[in-house]
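One-letter residues, chain by chain:
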Amino acid sequence: MAQIWKLLKSAPPTAVFGMVVIVLYIFIAVFGPMLTPYGESEIVGSQFIPRGEQGFILGTDNLGRDMLTRLIYGARNTIGIAFVTTCLAFLIGGVLGLLATTLGGWADQLLGRLVDVLMAIPILIFALLILTITGTSVPVLILVIAVLDSTRVFRLARSVSMNIVVLDFVEAARLRGEGTWWIITREILPNSMPPLVAEFGLRFCFVFLFISALSFLGLGIQPPTADWGSMVRDNATLITYGDITPLLPAAAIALLTVGVNFVVDWFLHKTSGIRDDK
Amino acid sequence: MTSKNGASGEVLLEMRGLRIEGQSEDQWNEIVHGVDVTLRRGEVLGLIGESGAGKSTIGIASMGFARPGCRISGGSIVFEGMDLRAASDEQLRKLRGSRIAYVAQSAAAAFNPAHKLIDQYTETPVQHGVKHKGEAEKEAMELYRRLRLPDPENIGFRYPHQVSGGQLQRAMTAMAMACRPDLIVFDEPTTALDVTTQIEVLAAIKDVVHEFNTAAIYITHDLAVVAQMADRIMVLRYGDLVEEGNARDMLANPKEDYTRQLLAVRSYKKEEAPPDESPVPLLEVRNVTASYGGKVTVLEDVSVKVGRGRTVAVVGESGSGKSTLARVITGLLPPSEGSILFDGEELPASYKRRSRDQLRHAQMIYQMPDTALNPRQKIRDIIGRPVSFYLGLKGAAREKRIRELLAMIEMDPDEFIDRLPGELSGGQKQRICIARALAAEPELIICDEVTSALDQLVAEEILKLLQRLQDELGVTYLFITHDLATVRAISDEVVVMLQGKVVEQGGKADIFTPPHDPYTDLLLSSVPEMDPDWLDALLADRAARKARGEKVMDSAGQ
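Residue numbers (my numbering), protein chains in the order written: chain A, 1 to 278; chain B, 1001 to 1558.
Everything labelled a hint here was simulated from the structure, so no lab data went into it. We treat Cβ as the ideally placed atom computed from N, Cα and C, and that holds for glycine. Do not take every clue at face value.
Unchecked claim - A partial selection of chain B residues facing chain A, derived with a Cβ cut-off under 8 Å:
#: 1; residue: L1359
#: 2; residue: M1364
#: 3; residue: M1368
To be verified - Just so you have them, the derived chain A footprint on chain B, three or more residues with Cβ under 8 Å:
#: 4; segment: 1371 to 1379
#: 5; segment: 1384 to 1392
Using the sequences and the hints, build the whole thing.
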């Protein structure tokens, strides 16, 4: 405990900022319903009430719903779905990547080429295509994005573990007669954690942005569920009147992305032993 | 080398109270504690010590430089009246390469692979404005000739990967000589080379340094090498000076215990084990031919027998196929022809098809203990895994066995059982590797260069430990090594390999007494001895025998 505290104290201001942002977002996401005065899609007034008027701190949206409430619920939905998707992407990509290096040979070739094919198709177009065919629901959304993003995780897991699988202790385990699963989970995985953890943070940002982008295009999280991407779209017309309300959900997205990146930077710096040059 | 003008010449370099600090985590620790070094013009100073002695750090400091992560924190460095610590970067830049040059341990890593050797040679004199390119090229050829590189007119126009390791090291020495510096720092220039190649490089360096009356700092861990090269020797340990003196005097008459230990390091010899009486050898390699990818044949018709309870040393230089032989025996590289018999029973070619018991009987110890242990596992788990995997011990019985094994390798169980490999020294790590092999209760242990990554004193302790374990447990060793001192120390039988074939094999006494096969002769005679006149005498002897028309090999494969 004391060690963790010491580590946190040595963090640079950017990382502290990032951590504060992340903790704040998590807090809001978890306790969202208790913090909001209204329901998620409750219509509380007339359309487009300006900020600060009639007791609506951020005004109301195109259907007369409270912007602040929607923003808080949006955090809950977008972050939650992005987190689950990232976990799934890491499960698929990570396991297959480590399996590819450990088995080598044709297994590596097969998985590698499969990933090449998936990566050759632009991810956004591919996702739009599948979501149009299957229809949009949250499980399908999670699955599609997780599979598409797992290709990147696969590549990273494979290249990181490639350097470990050739080390003598892995050879020693093979010669001992250990099974593939033991070698992956006990010998290789613990030694490839730092880059994978860092990638988890970055991947989370990308998934998060991607979900927002899909929602903005109307194929992500469906109304009336509050979501930052669709909130930008719904209120986009306001920007032509010089009202910055649609930028608020966009800012919420940007702030979290920046925060996560700061923390990942610091973490990578700590674990990879890169030092600042004077 | 004993240069007549060396000892009395004017002082070229003087370092007083040199202190250097190294960074670890967030703090600075002193790694060199106030060492004085004086070097006269034309003198060769040998810096000797084990790893962590600070010898390279001191050598580099003579150029007013400290590696990244290190800093010179105290003392003075005066080169020809110029204070290098106070000198500006521009002044130092002018000095380095032209007045003080550096030869690194790994020439292969120090050369830029994208440029020809001669272009890299001419870069320094042209940069410093000493010579024009054409002039420098002519000189390079002359130096290549003096360093006895083959085809000196054309070799410079090759790329680094097109010449051998020994040639590259000499090309690098030529490069250091390019501006006729007053001082050259040689940082373990022959450590990465084979013994037969080392001779050529040592002789070449010695000649050239002598001829141009260049002062040199020669850094090495090998006292026998430094005996050939240096006028004066400084023995260092943990960043402190242990002993300093004239090379001949020190070798004949060391004053400090530590120096004596270093000198005695190659004297350990085991008693020969009784011959194996049983009709079936424990391990038999029968007519094995193996290749990588079916193209390059690395082993050709190799047959080796290893008797129960004996130690067989497989000796050869890089590329001889000795490590490939280990891979074939363990089943990592299935041979294209031939078979491996264990206790009279043929083993499946690939380790994947061997039973758990077959795998258990032959264990392996690796060259690099750093990479042979999983850095994320505690000692308990590392040693405990084979105990539970092969022998099925659990809980308290497993714990008891782990502690027994730690005691067997002379490490205190209470102190070490919960440590990670990163918290151990190199020798301790190798002991853990031995314990891990023993945990399987094997009959055969294959030792692949187990001492070559260790300091000499530590290596000797490991050899003694292995021997004691053999005496107690009756385990059989197959020892793969390039180091003849190790062979002398530990083997009962010797197999000499060259380019994938067995050149000679037999009992240790047979191999080490003449007449030899020509290659065995070359190999044996190339091992440096502590006698300062050894190199000159050896070269004279080889030349004389050649003149008489005897068949003498100069280097492997000729």
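Hint numbers the structure violates, sorted upward? Checked against the structure, no hint fails, so every one of them is satisfied.
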